[in-house]
Structures are given as C-alpha cells and as structure tokens.
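All chains, please: the whole structure from these sequences, using the hints.
Okay, so the first sequence: first residue is 1 according to full-length UniProt numbering, each after it adds one.
Think of the hints as simulated: they come from the structure by calculation, not from any bench. Glycine included, each C-beta is placed from N, C-alpha and C at the ideal position. It is possible that some hints are incorrect.
Said to hold, decoys possible - Simulated restraints on C-beta separations:
| # | residue 1 | residue 2 | range |
| --- | --- | --- | --- |
| 1 | Asp79 | Gln34 | 26 to 32 Å |
| 2 | Arg36 | Asp79 | 27 to 33 Å |
| 3 | Arg171 | Ser277 | 50 to 56 Å |
| 4 | Glu161 | Asn35 | 38 to 44 Å |
| 5 | Gln241 | Arg328 | 19 to 25 Å |
Stated by the list, open to error - With a Cα cut of at most 16 Å, we get these calculated EDC-like pairs of lysine to aspartate or glutamate:
| # | residue 1 | residue 2 |
| --- | --- | --- |
| 6 | Lys346 | Asp335 |
| 7 | Lys346 | Asp332 |
| 8 | Lys99 | Glu80 |
| 9 | Lys99 | Asp109 |
| 10 | Lys99 | Glu71 |
| 11 | Lys232 | Glu161 |
| 12 | Lys346 | Glu257 |
| 13 | Lys232 | Glu170 |
| 14 | Lys99 | Asp79 |
| 15 | Lys99 | Asp69 |
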Amino acid sequence: MTDHPPVVLPPETFQRRLLDWFDVHGRHNLPWQQNRTPYRVWVSEIMLQQTQVTTVIPYFERFMERFPDVEALAAANQDEVLHLWTGLGYYARGRNLHKAARVVMEEHDGAFPVHSLEAMASLPGIGRSTAGAIIAQSTGRRAVILDGNVKRVLTRLHAVEGWPGRPAVERRLWSLAERYTPAERVIDFTQAMMDLGATLCRRGRPECGRCPFETECLAHERGEERRFPESKPKKALPTRQTLMLLLLDDSGRVLLEQRPSSGLWGGLWSLPQFEDSEALQAWLDQHAPGAELDDEWSTFTHTFSHFRLEITPQPARVTCLDAVGESRRWFDPTDPANIGLAAPVKGLLESLRPFTLSAPAGHASESAKEPSR
DNA sequence: AAATCGGGGCA
DNA sequence: TGCCCAGATTT
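Dropping the structure here:
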C-alpha cells in the first residue's frame, strides 16, 4: 500500500468544487455551527456519531441549556447527564462524555487540548476522526476527519476495494483524506465532506446526477456506486452439534423438556439434548431403563444469528417412564398442545404426525425464527 | 432481517 | 497490532 495513492483529481480542484457545492447546498445553520467552541462541537460530534441531525438538535439544545460548558458538565452527577441523554441511546457514549469532561477539568485546566490531536484522541469517547473533527471545526486549523460519510465518498470516488474496516483499506482512506484536506476553509471543508456523504452520496440511492464529482467518480463510471464501500465479510458461523432424544411411549407420544427460562430457547419446550451418544445412553439408563434405540435420523442444520446447530435426532421407544415432573411432559404429535416449541423441534414433531401432507424433511434451510407460542 | 457506525477493550 | 463487540437505527 503506497503512502501516496494516486488521486482522481488535483486536491485544489476537489476542494474548490466541493466548497462551491457546499456554499449552495451545504448545511449552514445547525446549532453547533453558531458559537463554535470546542465544547459545543465536541458534544455535537458525540451525539451525531449515533443519531441523525434532526433528532440530535433538540437534545443538543437541552444539553447546552443545562450544561453550558465543560465545567458544568464535569460538576454534574452521571445520572443527570444520562437523564438528558435518554432517548439518544448508546449510553456508554453519554458516560464517556461525562468522564471526558472531568478529565478536561482535572488534567487540562478546563480547556480542551485542541492543540494536540493525540491529547484529544486520548479523551474517553474521542478517537482519531472525532478528534480531527473537533479541532477542525472549533479552531479552523487543518485537521483530517474520516467518519462513515467521508469513507463512503472516498471509497466511491476512488473505487477503493476491500472492507474499510481492514487496516490496509483504512490506511489508504486516511491517506486520501489527508491529501484532499486543504489548509484554508477547513471548517467548511470538513462539514462539506460530511454533508456530501449524508445527503447526496448516501448508502442507498446516491444522487450522482447532482454530485460535483459525477464525471470523476470511478465507482459511478463503472455503474457500481452501490458496491462501495464494500461491506464487512461475514464470518463463517461456528458450528455446534447436538443429539436430540426422540423418546416415544407405546401410544406414540414424545417426551419434552422445558428449557431454562434464560438463554437459548429460554422457557420453550424442546427435546432432551446431549453432546454425544454416551451421555444420551447414560440418561436413558437412569430415566428409562429398557428403552430401545432405533436408528438415528439424518442430521439437519438449524441456523441461528450467531452459530449453526447440527441436530441429530435419536429415536427410542419405552413402555413406561417414571418421573415426569414439572419440566417434563408427554406430547402427542397428532394432537399438538398449544405450547412454545423450539423451532427445529416443532418441525421434527410435525414430521411424526401420520397424516401430514408436507414432506417431513423440511429442516435443512430453516432460520432462527421464534416459534409460535 | 441485515447492515451500519466510531470507539473501547482485549488477545 | 488487529479483531470483535455493544447498542440502536436505517434500509
């Protein structure tokens, strides 16, 4: 990865065209664009990390009214800060905001260390991009930003391949952002980059026809705007295996167990599960001596959002079973009780019904749906 | 239902 | 250093 990637148009041209666009179409009247102190810019940046501008505005104004400066914020107790944050969500960032205010008071004499990118970025909740934004927006000194909007603009303009979360890709994007950032009009430039990404160069349905870089944008030239930035590669889901005991009594009913109230399938009814056949056999020896195992059914996969479960049903027959307690019951597949069943168990039990018209083996591609209750 | 987002925390 | 997460929204 080169330190100086080729650029699609000369930085001066890029800057002039972007600023011309911004002067006409950019946002100029946001509350934090008046009286641009580091404090106000900081609070707005943190709020904007997670929420759209229109939602942020009333929160920002209430926040400023109650905490007009860092000192007021640092003196508050956390509960009051979080109270004003209620509805914005992501409370960790509200807590970080409060923490950072105290650091500014105690370690920087109440003044944001806007002279140092490093010092800014070491404050809780402030990373490299937010540090750059605060410095640029509140002092007008040259500083580089790379938030999600800017990343989208740059990956499209240069058709940057690869997921931006990859370090090599991120380095290239920082390098591009660095090269395009001017020394003058930095406040407007950084705002313009964010506005362009937020309004025209949106994730879905970008309005390329109105974009000042329509003729240079490599993604647009290829008709592939929507492919950039590339999305995070989805990791292969981990796979777990389980045996499910399908214990039938002589009238064809199946033994169910209720799951613990929390965790996977919390409170739902399921089949007894075992890691391996030894564990299953040990359970049978204890609870259903004399049970006869039939051949295993074929394994099928149930997919959750975070892992895959390979399920092998193990049928067995028993004539009598003691100890059917609170969390165990017999279930008649021909007359299904109205109880919450784990999704794959529901499918299995349906396949036991004698007059079902659907094929029994419909499990292979099911997803993690909530079973009906 | 899935993708997204900037920073924090951890191996 | 690199990788994944929390936590809520948008598409």
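Are there hints from earlier that the structure breaks, and if so, what are their numbers? none
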